[in-house]
Amino acid sequence: MLLPPGLGFLFARLPNLLWPPVVTYAISYFTAIPTSLRIVACILSTPCYIAFEAYKSSRAHHHQLATRGAQDVPVWPGKWPGNLDILLQLVESWKCGYLGDVIDDAFEGIGATMRFSILGDDEIFTYNPQNIKTILVTDFDGYEKGERMMIATQSVLGRGVFNVDGDMWKFHRGMTRMFFTKDRISDLNTLCHNSDSAIALAKSRFRQGGEIDIQDLFSRVTLDTATSFLLGSSVNSLSANLPSSDGTESLVDTSAPSPDSFSRAFASVQRKVGARLWIGPDWPLAEMFRDVTIEDNAVIDKFVWPIIKSALAMKEQNKPAKNDGTDDDETLLSHLVSQTDDLQLIRDEIVNILIAGRDTTTSTLTFATYCLSRNPQAAIRLREEILGKLGPLSPPTYDDMKAMSYTRAVINETLRLFPPVPFNVRETTRDTTWPAEKSGEKPYFIKAKTAICFSVWFMHRSTELWGPDAMVFDPDRFIDERLGKYLTPNPHIFLPFNAGPRLCLGREFAYNQISFALIRFFQTFDPTTIILKQPPSAQPPAAWKSAENVARGKAKAYEDIWPQSHFTLYVKGGLWVTMKENQDVEN
Numbered sequence: 057m058l059l060p061p062g063l064g065f066l067f068a069r070l071p072n073l074l075w076p077p078v079v080t081y082a083i084s085y086f087t088a089i090p091t092s093l094r095i096v097a098c099i100l101s102t103p104c105y106i107a108f109e110a111y112k113s114s115r116a117h118h119h120q121l122a123t124r125g126a127q128d129v130p131v132w133p134g135k136w137p138g139n140l141d142i143l144l145q146l147v148e149s150w151k152c153g154y155l156g157d158v159i160d161d162a163f164e165g166i167g168a169t170m171r172f173s174i175l176g177d178d179e180i181f182t183y184n185p186q187n188i189k190t191i192l193v194t195d196f197d198g199y200e201k202g203e204r205m206m207i208a209t210q211s212v213l214g215r216g217v218f219n220v221d222g223d224m225w226k227f228h229r230g231m232t233r234m235f236f237t238k239d240r241i242s243d244l245n246t247l248c249h250n251s252d253s254a255i256a257l258a259k260s261r262f263r264q265g266g267e268i269d270i271q272d273l274f275s276r277v278t279l280d281t282a283t284s285f286l287l288g289s290s291v292n293s294l295s296a297n298l299p300s301s302d303g304t305e306s307l308v309d310t311s312a313p314s315p316d317s318f319s320r321a322f323a324s325v326q327r328k329v330g331a332r333l334w335i336g337p338d339w340p341l342a343e344m345f346r347d348v349t350i351e352d353n354a355v356i357d358k359f360v361w362p363i364i365k366s367a368l369a370m371k372e373q374n375k376p377a378k379n380d381g382t383d384d385d386e387t388l389l390s391h392l393v394s395q396t397d398d399l400q401l402i403r404d405e406i407v408n409i410l411i412a413g414r415d416t417t418t419s420t421l422t423f424a425t426y427c428l429s430r431n432p433q434a435a436i437r438l439r440e441e442i443l444g445k446l447g448p449l450s451p452p453t454y455d456d457m458k459a460m461s462y463t464r465a466v467i468n469e470t471l472r473l474f475p476p477v478p479f480n481v482r483e484t485t486r487d488t489t490w491p492a493e494k495s496g497e498k499p500y501f502i503k504a505k506t507a508i509c510f511s512v513w514f515m516h517r518s519t520e521l522w523g524p525d526a527m528v529f530d531p532d533r534f535i536d537e538r539l540g541k542y543l544t545p546n547p548h549i550f551l552p553f554n555a556g557p558r559l560c561l562g563r564e565f566a567y568n569q570i571s572f573a574l575i576r577f578f579q580t581f582d583p584t585t586i587i588l589k590q591p592p593s594a595q596p597p598a599a600w601k602s603a604e605n606v607a608r609g610k611a612k613a614y615e616d617i618w619p620q621s622h623f624t625l626y627v628k629g630g631l632w633v634t635m636k637e638n639q640d641v642e643n
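Counting from 57, one number per residue, gives the positions in the sequence shown under this note's numbering.
Calculated from the structure, these hints are not laboratory results. Just so you know, not all the hints are guaranteed correct.
Here are the simulated DSSO-like pairs of lysine-lysine, each with C-alpha atoms no more than 30 Å apart in a straight line [stated by the list, open to error]: (1) K259 x K589; (2) K601 x K612; (3) K628 x K358; (4) K328 x K135; (5) K610 x K589; (6) K201 x K505; (7) K503 x K226.
So the derived label-pair ranges between C-beta atoms look like this [as the list claims (entries may be wrong)]: (8) P597 x K494: 33 to 39 Å; (9) E164 x A110: 25 to 31 Å; (10) D525 x C152: 25 to 31 Å; (11) P524 x Y111: 44 to 50 Å; (12) K494 x E440: 45 to 51 Å.
Quick reminder that beta carbons are idealized off the backbone N, C-alpha and C, glycines included.
Construct all of the structure, not just a fragment, from the sequences and the given hints.
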């Protein structure tokens, strides 16, 4: 039986905490010293050992600085021992702050790269595009997901592609690469069926005078599409009743299990793992006696395991030859089954790809709707392109979507201001240096096994990188002269799908899915009529409106929603909207 995370965390550290007093007692036992002095010596032995180890580490670190002609990364200073005040600020920000607000405050005073230490664990934050390019592209082998990330996400991601490094990562990448081909990502039949089902649900609710949580609706479209595309079997979450803004559902049969329980468990487990990553390496202390992901994992596995076992049984019956290509009707699951018999490995890979395939698309569609609700001119131009190119009824083809430049610009601008993965983590594999923020200064020294958090959330919103209007939603920046001024000469300032060897394999699949769903939805509904109807539980704190400096994280002053992040970005409490149908759509 596995120990709960908190107990395992403590037991793993007990030897280092206990051996100093044990050795001290053993030595003092054979010496003629008073018992009271012996007890004091035992009590002080552990902090003295910790202090001595810290001194040795500091001496070695300063020797490295002198040898390399480098300097330390600027420090985010705490006020309490162990910088526990920073930890509390991060936890509080996670619970009730605007995304990255606390970190943004520190960036403003220090610069685009900084470090801090909590209970002796160092971590570096950066949104400098050159550093991010180094991590992802030019020095890829110098950084890995690392042990901290893997431990925090192990109970959900297991040995999937997003949670492994080295040869195991190459193995996973090779298994799935062939599946994401142009022919497959351009097969839009399933997406068309699911989009039309979602539109029918929205029509019904709007005609009754109600509002919908469009984040929930889009998550159902993408989940049903992803499970069909990847597993050959949909969870059919669109067959469930839509929630109401008062927190209830219009259930027809209360004795039947909820078809979207998988979707809910999927979202819940990601929020819990997201909290672990936000807290940092000491997260097990918050799960002292139980792993909080167990119940959600049970729901997910209840759906996934029978499908995997059925696929393996079919393989045994048919005994197909192992091949490196993919057939037209092959799913990712059947492709994986043809490559390996490792059940747990297949399960982990499926869950990893489902998270990527569902959440990235849902996030972008949700925030695109939000941005259009606040920018009527962009909504007008999007509507004109969609109806002018396709009319109200014809589903878009791959070539149609490729030709619709303003639609793609709306998507890219949404990805810029609201990137689906706002924060990402790595760990250095060896000692290294980064250029200092100020020209002419000594480089920053970073030791091996240092945790790195890089943020495209801050990079995408930087006025230094995107110009003075960086915080303004303006799709034209991906079309007009600003494209050549900012992005073309420095393409690594825009990284919604990562870069380098870990560039998202499903990037084009995501673009196609986002484009198709957005186009199909606004062929039916008028984007200029979107009205937010956030219930009290989904509204941001009133105190946000008093924020003085509207820049980067301080955008909370004019935000009408509460952006939060687990693995991916989402709207806390959902995005509740009403809108009208286009007048020329046939009923």
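Going down the list of hints, with the structure as the test:
{"no.": "1", "hint": "K259 x K589", "in the structure": "holds, 16 Å"}
{"no.": "2", "hint": "K601 x K612", "in the structure": "holds, 7 Å"}
{"no.": "3", "hint": "K628 x K358", "in the structure": "holds, 27 Å"}
{"no.": "4", "hint": "K328 x K135", "in the structure": "holds, 28 Å"}
{"no.": "5", "hint": "K610 x K589", "in the structure": "holds, 23 Å"}
{"no.": "6", "hint": "K201 x K505", "in the structure": "holds, 11 Å"}
{"no.": "7", "hint": "K503 x K226", "in the structure": "holds, 25 Å"}
{"no.": "8", "hint": "P597 x K494: 33 to 39 Å", "in the structure": "holds, 36 Å"}
{"no.": "9", "hint": "E164 x A110: 25 to 31 Å", "in the structure": "holds, 30 Å"}
{"no.": "10", "hint": "D525 x C152: 25 to 31 Å", "in the structure": "holds, 29 Å"}
{"no.": "11", "hint": "P524 x Y111: 44 to 50 Å", "in the structure": "holds, 48 Å"}
{"no.": "12", "hint": "K494 x E440: 45 to 51 Å", "in the structure": "holds, 47 Å"}
No hint from the list above goes unmet by this structure.
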